[in-house]
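> Sequence:
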Amino acid sequence: FVQIEYEDKYDRLRQYPRITFMDFYSAAYRRAILLEHNGFDERFSLANSEDRELSYRLAALGYQMIFRPQAIVGHHHANSVSGYFRKKVLNGFWTAQAVRHFPERTVEDTYTPQVEKVQIGLMGLLTVSAGLSFFLPFLAVVPLLLALVFLLTTLPFVRKAWPKDKVVAAASPFFLGLRGFALGLGYVWGLARPVN
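Take the sequence shown: its position 168, counting from 1, is numbered 151 in this note's numbering, and each next residue is one higher.
If you are wondering where the hints come from, they were derived from the structure by calculation, not from laboratory data.
Some hints could be false.
Derived DEER-like restraints, expressed as beta-carbon distance ranges [unchecked claim]: (1) ARG51 - LYS147: 18 to 24 Å; (2) TYR(-7) - ALA15: 26 to 32 Å; (3) LYS143 - TYR46: 27 to 33 Å; (4) ARG69 - GLN(-14): 17 to 23 Å.
For glycine and all other residues, C-beta sits at the position ideal for the given N, C-alpha and C.
Using the sequences plus the hints, can you model the full thing?
Spelled out as structure tokens, the structure:
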């Protein structure tokens, strides 16, 4: 799933002549530029989203970043559901820290698909409405409708994953929901606890 998730983001990056963010594991920066701009922000102490902050900072300064799909890198992904969830919560937390300094990236960066942000919002609304429906049973239809809308947002990803791995495609709505919930949870946590 994670490999197809990255490939989906790479398909998005191919559309742009210049990009505003690239994961560090697959990025190459000119040494002189890194030194001139003090490299990574060490406040990002868990090595999470420090690449996002650096990319946003360099893009804001006018440096050109280009996606090169022919570059080949090796990278280890989370290999369990709990590891994936934990990683996404931390991504959400540290993304909130990066976006605090570059609020214009809240709306759009070249890396994050808009549908991912919609899914984060839907999972938040679904969670809140499901909780409320326990106390206000007449609201029980709301989480069902939100779940249906969420499932509809996953169809393009499922369609893309299907020819590559049918099991992953079938499991994608679950993992996309988990991703949306975890990123949203981490983002709210990050907004509530700024790192100085």
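> If a hint holds in the structure, say so; if it does not, say that too.
Hints, one by one, checked against the model:
1. ARG51 - LYS147: 18 to 24 Å: Taking Cβ atoms as reference, ARG51 and LYS147 lie about 22 Å apart, which means the hint holds.
2. TYR(-7) - ALA15: 26 to 32 Å: holds (27 Å)
3. LYS143 - TYR46: 27 to 33 Å: holds (31 Å)
4. ARG69 - GLN(-14): 17 to 23 Å: holds (19 Å)
Hint check: no violations occur; every hint is consistent with the structure.
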